[in-house]
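Participant: Each residue of the sequence shown is one higher than the last, beginning at 1 in the numbering used here.
Mixed in with the good hints, there may be bad ones.
[To be verified] Across the chosen pairs, the derived CB separations fall in these ranges:
no., residue 1, residue 2, range
1, Q189, D288, 18 to 26 Å
2, S158, G201, 44 to 52 Å
3, D288, G21, 53 to 61 Å
4, E175, R71, 55 to 63 Å
5, R263, I235, 23 to 31 Å
6, G201, S78, 45 to 53 Å
7, A229, S158, 27 to 35 Å
8, A233, S209, 35 to 43 Å
9, D288, R217, 35 to 43 Å
10, I151, A20, 32 to 40 Å
11, R77, M174, 15 to 23 Å
12, E68, H154, 52 to 60 Å
13, S158, T57, 44 to 52 Å
Read the hints as simulated data drawn from the structure, not as lab findings.
Everything numeric in this text was worked out from a predicted model, so none of it was measured.
Glycine included, each C-beta is placed from N, C-alpha and C at the ideal position.
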Amino acid sequence: MLTFRQIEVFRAVMAAGSLAGAARELRIAQPTVTRMILRMEDQLGARLFNRVRGRLTPTQEAARFLAEIDRAFEQMRSAVERAAQAALPERSVFRCGASPSIGRGLVPAALARLVARMPAVSLQLDILTVSQVLPYLLDGSADAAVTLFPIMHHEVVSTAVGSGRPVLLTPAAMEVPSGEADLASLADQAWVVFQPRSVHGDMAAGILSDHGLRPARTHLVRFAETAVALVEAGIGVCIVDEFTARAADMARLRCLPVPTSRRYEAYLHRPLAARGEVTEQFEQCLKDELQAGSMP
1 MLTFRQIEVF
11 RAVMAAGSLA
21 GAARELRIAQ
31 PTVTRMILRM
41 EDQLGARLFN
51 RVRGRLTPTQ
61 EAARFLAEID
71 RAFEQMRSAV
81 ERAAQAALPE
91 RSVFRCGASP
101 SIGRGLVPAA
111 LARLVARMPA
121 VSLQLDILTV
131 SQVLPYLLDG
141 SADAAVTLFP
151 IMHHEVVSTA
161 VGSGRPVLLT
171 PAAMEVPSGE
181 ADLASLADQA
191 WVVFQPRSVH
201 GDMAAGILSD
211 HGLRPARTHL
221 VRFAETAVAL
231 VEAGIGVCIV
241 DEFTARAADM
251 ARLRCLPVPT
261 SRRYEAYLHR
271 PLAARGEVTE
281 QFEQCLKDEL
291 QAGSMP
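Input sequences plus hints: build the corresponding full structure.
Facilitator: See the structure below:
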């Protein structure tokens, strides 16, 4: 197994471009550098440098090895930073990701509660697509993420923190009765729908199917915020989660509860090894916000 000192010497040689330069940088004798590089090559079973007329040229193996080392050093740096933050949580940076639909209203409101409890905590909020969430949690820099879908991975802890109702959004100018939405009366309206096999797509499709409703005309979007924007523009109606609706411009649309027992589930995810005081406080803030803002 390679030692940290060997890796340090290798990185110095790669940076300096010569054994002599690495020796000066590390303040050790050049023969020591040479011996350590030769020993590394023996251990790895691969040549790391070509020596031609006194010049040292890294091999492809050396370049790949350096990339892996740099990645490991970055992970170690992040781990040390997280450890320091865990020791002094009141001075930490809390890095949180969120899916777009809840990154505009629910998560910022929960983060506001967190900052009120821990005023010295700094925030980093990242809006993530579905495919970005898992890599974000695994790359060593994130503390948590909030989505409307669970994550099944052995290095991620995924916790259900609350639920929200589906709501119907209609343009403000559209005449619809107050109270729960009568979906059947909207069959002739243009509907803003979502891509299949998505949280919002499956929810809307399920509700429409429950009511035996097949819209005559649809507009397809990917994100709930886009659907809200189209409704605000008067283009059609849509079903979204109540968290998304909170951030909508209520002067430009109407929000009605949908007659259904279906619910959106909100999940808090964290890396398996990243359970600190700030994350614990945020989980409680998220639950409090979900309870305070939920529709009856």
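Participant: Hints broken by the structure, by number, lowest first?
Facilitator: Of the numbered hints, 1, 2, 6, 8, 10, 11, 12 do not hold.
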